[in-house]
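Heads up: the sequence lines are chains A and B, in that order.
Just so you know, we're using the numbering used here here: the first sequence kicks off at -6 and counts up by one.
Just so you know, we're using the numbering used here here: the second sequence kicks off at 7 and counts up by one.
Don't take every hint at face value.
[Unchecked claim] Short, incomplete list of chain A residues facing chain B, as computed with Cβ under 7 Å:
no., residue
1, 514
2, 530
3, 766
4, 846
5, 849
6, 850
7, 854
[Said to hold, decoys possible] Quick look at which bits of chain A chain B covers, simulated, 3 or more residues with Cβ under 8 Å:
no., region
8, 329 to 339
9, 603 to 614
10, 715 to 727
11, 770 to 776
12, 838 to 845
13, 856 to 867
[To be verified] Computed far set for chain B versus chain A, every beta-carbon distance over 12 Å:
no., residue
14, 52
15, 111
16, 229
17, 235
18, 245
19, 247
20, 271
21, 395
22, 449
23, 453
24, 455
Simulated from the structure, these hints should not be mistaken for laboratory data.
Beta carbons: idealized from backbone N, C-alpha and C, even for Gly.
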Amino acid sequence: MAYHRYLLPRVVFATILSAAAVTAAVSAGSVTVAVNPSSVTLRLGDAKSFSAAVSNTTNKGVAWFVNGIAGGNGTVGIVDGTGKYQTPTAVPTPNVVTVSAASKADATKTGVATVTLLNPIPVISSLSVTQINTQLPFVLSVTGSSFLPTATVALDDGTALSIKSQTATLITVAGTTQTAAGKQIHLTVTNPGSGSSTSSPRTINVVSPVAVTVSPTAKSLRAGSSLTLVAKVSNNPVTTVTWSLSGADAAHLGSITSAGVYTAPAVLGTAPTVTVTATSAADPSKSASATLTLLNPVPVITSVTSPVTAGPAVALTIGGSGFAPSAKVMAAGTSLAVTWTSTTGLTAVGNIAPTAGGIVAVKVINPDPGGLTSQVYPVTVNNPGSRLSYAAAKRFLEQATWGPTPAGIAHLQDIGVDAWLAEQFNPALTPVSQYAQPLDCTTGLGQLQLQFFNNALTGADQLRQRVAFALGQIAVVSGVKLPKYCQMQPYQQLLLNDAFETYHAFLKDVTLSPSMGHYLDMVNNSKATPTTSPDENYARELMQLFSIGLAHLNSDGSTDSPPVPTYSEDDVRALARVFTGWTYPDCLGASKWPNSPCFNAPMTAFEEHHDNAAKVFLGATINAGSAEGDLDAALAAIESYSKPGALPNVAPFVALRLIQHLVTSNPSPGYVTDVAAVFASTDGSLQAVVKAILTHPEAGFGNGGAALPANQGHLREPVLYSLALLRALNASYVYGASLDPSTTNMGQDLFNAPSVFNYYSPFYHLPGTPTVAPEFQILSQTAAFARASFAYRASHNQISQFIFIDWSNWEDLASDTNPATQTASLTNLLNAVSRALLGAPMSTDMLNAIMPALVVTQNAGTRVMTAVYLVAVSSQYQVQR
Amino acid sequence: MTIPVLPTRRELLRSGLRMATTLGAAASLGHLGRISAQAQTASDYKALVCVFLFGGNDANNMIIPMTGANATNYTSVRGSLAVQNPLALGSTGYGIHPNMGGLAKLFAANQLAVLCNVGTLVSPKTTKAAYAAGTVKVPANLFSHADQQQEWQTAAPLENLTNGWGGRIADLYANSGANALGFPTGVSVAGNSTFLNGATAQPASIGGASFSLPGEDGSSAAGARDAALQQLFKLDSGVTLVQAASTVLQGAVEVAALLQNAVGATPLPIVFPQTGIGQQLAQVAQLIRARTQLGASRQIFFTSLGGFDTHTDELAGQAALLLQLSDAISAFYTALADSTIAAADKVTLFTESEFSRTFQPNSNGGTDHAWGGHHLIAGSAVKGGLYGTFPSLVLGGDSDFESRGNWIPTTSLDQYGATLANWFGVSDLVGVFPNLANFGTSTYPLGFL
């Protein structure tokens, strides 16, 4: 302004000077000046050009004034020399100014225009928001122009607005509208004061309040795992939320990032759920929540102590992940005492007993909520005893019992063979199994068979039972002729009672047994009459089958070539005469010849029916004369009969047969010789003979694991096969199961040998070969199928309601169905089955043959049944070696 | 290096002559080497059915003289053990045990032959005198069940052979295409027997319980299991007995497959007796009926009936067994004659037993082991009648080996078997019955076939 003032007077002066020069020349009427327009209303910021009409002078120049001020000023406005008036920046008081033009000819002559000054009209160019939420405090900015410092902003719904900041172009206001959503409100800016004016309204949509949703609204998730929640904010451009957690104490709450990623705590607290809340940044009164149900994590085992030694307090250190604080640990179905270290480590202590196959499935079981069981981890369990290896102990028990059991193997490894044999030989330590006395003479052999299998599966006198069974296959009586319990039971008890006596005691007891007397017709055998001769049956079979056999034997069991007969028909007839005069024992109190059949005491002699004349028998004369005297002399002659220079025939005769029944069908000559020598030097002590058989290198005993000859071993006869399989699988048993129907199908009806020649001959060969294989004589194709059927039924727990095999440990080992890892897991299963049945982990060949049949199914139970069946039916198990 | 221990060596009881023998297929076959190269073929169907009577059937009470001195001797020596009311066998002067009515009918229809006094013999000139003089051998261990059962099955009176004459016949037909599908020539329905073991031919032994692997439900799991078993069979364990056991089961599976395709479930034309021997012959009849499906043209069946070792209570015991035997054979031929099987003339059934029994009873109402006895041959191919020489029933007489009526056989097992084998189609009879060489070629085949 100062500039103008400075300039203006010069210009005006210049104009005035020139105007004065001109006016001097004119004088007539007075000068008039008219300003046009004469009045105008202007708003600040406007400009107006006035014109001045000067009359009565030729000097048309004027000087302009505003409110008498030449050129005006900032308060009242400025006028330039052309009469253009510019409004001031503020309305003056009063708000009317004059714009005058004074003639330069006569400065007293002026024209005047009045200018009414008004505030400008505010103009809104934009709002910062086009919508606001009902009832939510808002802040919005109005951008425009001509906003006076005192301009006000209004909404047409009456919302009170407070001005936060204000410039001529930007006003920021805050307020809260109560108008309902869906309606429109309008905002105006009003300049107050002179000429108060209001801008055009701007529309604002009122929208619903801010809404927040969270997704998912509910979910279960496992400890330690993460979940991304998504919050949606509607009805407001500010979509950010803040996340918060509640419902548990800080240590068990978990955490959440600003991006909504929730991570559950590694360990659950007591609260079952955690609440995640998303709160709208735009309207913190608005939020949404999700309820997360926390579950215990998935337990995963990555390491377990292995191998361990079986015992009552085995400690396992278990590493992995996801272990909940009250997780349980199971090992082969036993729950262990757990000490939880962390989610990645536990120790578990408890009883791990010897188990079939020696591999135990270890599992970690998390409790609820969401309790899961880990995958199975196989742990090798060794027996604590170390007197002999597992394989050696198993083999020994195959030969000395009805089959090894896991506990039996452990016990033998613990105490060693000498102590084990001493235990077995001592009836005070190992009582003799007792068959129940018969109540009458009407029942058949079913109950006897039941007791036999009960003794075999549960009795402690295992070796005694094996030896008794072998003796009963040398001196055979058969239910074919003795179908009654009362007839057979005493004989079976005799076999048990005499198993560890001398062979002489056994032979004499057999000779005087009414069961044998009835079977081979010695009972009531009477001396010759003119029309009859003494029965030769027992005499012949005693020599041929029970004692010396048909031919001279060398000490190694071989015969001469050609064989030399031991006895002649004359000897048979002489012995038949010896065995006269015996009848049933007197059980009714009135003894006579013949007594009524009675089987539970030795036969009794009636001398008047005994042929007491001298007999020439086996090259010597028997003169005794009495029934028992003759009998004793005859037995002595038989037991001492030998090929000149060799051991008594009975020694290799019995040695061979016992070796075949217990160990191997094809003993070497040395094996027979060694055992026969023990027989001869101990007067036929069956304890000594059995011990010599079982502790011989050819039985695989103490031979350092050296390979046995290709023809070593023997086919398990049906009774042994079925019992050994069940015992190896650790079957539990309650009284009531007879395996006889199964063994009969396999060719061996218990107590019912087809004849006195037993189920099979000691001399039976594999057809066309020199290999002796007695048990193969009854391995018909039908019998082979029957064995397969037994193996199959055993694997399916279908043998009997009284027999149960717990497959759960092996089913655990078979439970891996992940194609990447299952072959390795199933190898553990097959090794366990193989160790239990075959004594060692499975050969690669067998593994490769069997594995496809396991992976064809994912069912753990089926896998176990298939593995057990295939190993049990395999010839590798059929033959014991 | 195992010495075969305790073989039951065949030997002379009293003679000093011995035959050196060794066990083993090589020695046996060397002796029989003549048969190894000559295979047999067949264009028609024939079958032999052996019924082995285990225990030693007392043939004295099965075929009974009804006229003449023998009839008198029978009544007097047998005493209380004599059978009453035998059924007359035509006009032969002999009768058959009264419980064998079915066989009497077959005899009347000219379909039953009786071969009298046949037994194991080394040479045709076996007499008590010759034996006492040492000029002739008798079979080894004459009165031992096991040994005589072996000799009747192996036709080797002095050696211990591990294969039977039925098996040696099967060897001849083995590679000839006689049984086109490979179904074995020898089939036992009575368990394992030496009779059907050949050097190469192994018999099928079936019967009784289920004849298949368990769990065959057609599922893929069952298939995988069976395939695994087949793989196990193929493994060579290097252990003799393990390989032998695998061979048995594998053979069983192969035979079962053939049977399954062939036999089917149609009932037989008649109901067979529910006895052991009845059901065995029923099974044989089914297999004969299925002969075309089995691709079989030559078959030898082995069946058995036991319990004949009647040292005591012989009358009742034997009567029951002979009833079973007669009814079963009778049913068998009724079935074979039916048009659905049509094989009565193609199938010859014959009995064997390890020995007959002492003509003189013992003190227990029974009899003891003896030697020669009478045997039966049945079928429409048979020329009915009595054959052989009936012994003179005199204790201690010329027919008696000792003193209690152990009849020395007048026909040998070799001649008996050769007659059957000749009918069957075997040309090299001495190859199958090596001991036949001791008997002149004019003495066989016998007239009943």
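So, going through the hints one by one against the coordinates:
no. : hint       : verdict
1   : 514        : holds (5 Å)
2   : 530        : holds (5 Å)
3   : 766        : holds (6 Å)
4   : 846        : holds (4 Å)
5   : 849        : holds (4 Å)
6   : 850        : holds (5 Å)
7   : 854        : violated (11 Å)
8   : 329 to 339 : violated (count 0)
9   : 603 to 614 : violated (count 0)
10  : 715 to 727 : violated (count 0)
11  : 770 to 776 : holds (count 7)
12  : 838 to 845 : holds (count 6)
13  : 856 to 867 : holds (count 5)
14  : 52         : holds (24 Å)
15  : 111        : holds (31 Å)
16  : 229        : violated (8 Å)
17  : 235        : violated (7 Å)
18  : 245        : violated (6 Å)
19  : 247        : violated (4 Å)
20  : 271        : holds (18 Å)
21  : 395        : holds (25 Å)
22  : 449        : holds (29 Å)
23  : 453        : holds (34 Å)
24  : 455        : holds (28 Å)
Hints 7, 8, 9, 10, 16, 17, 18, 19, counting from the list given before, are not met by this structure.
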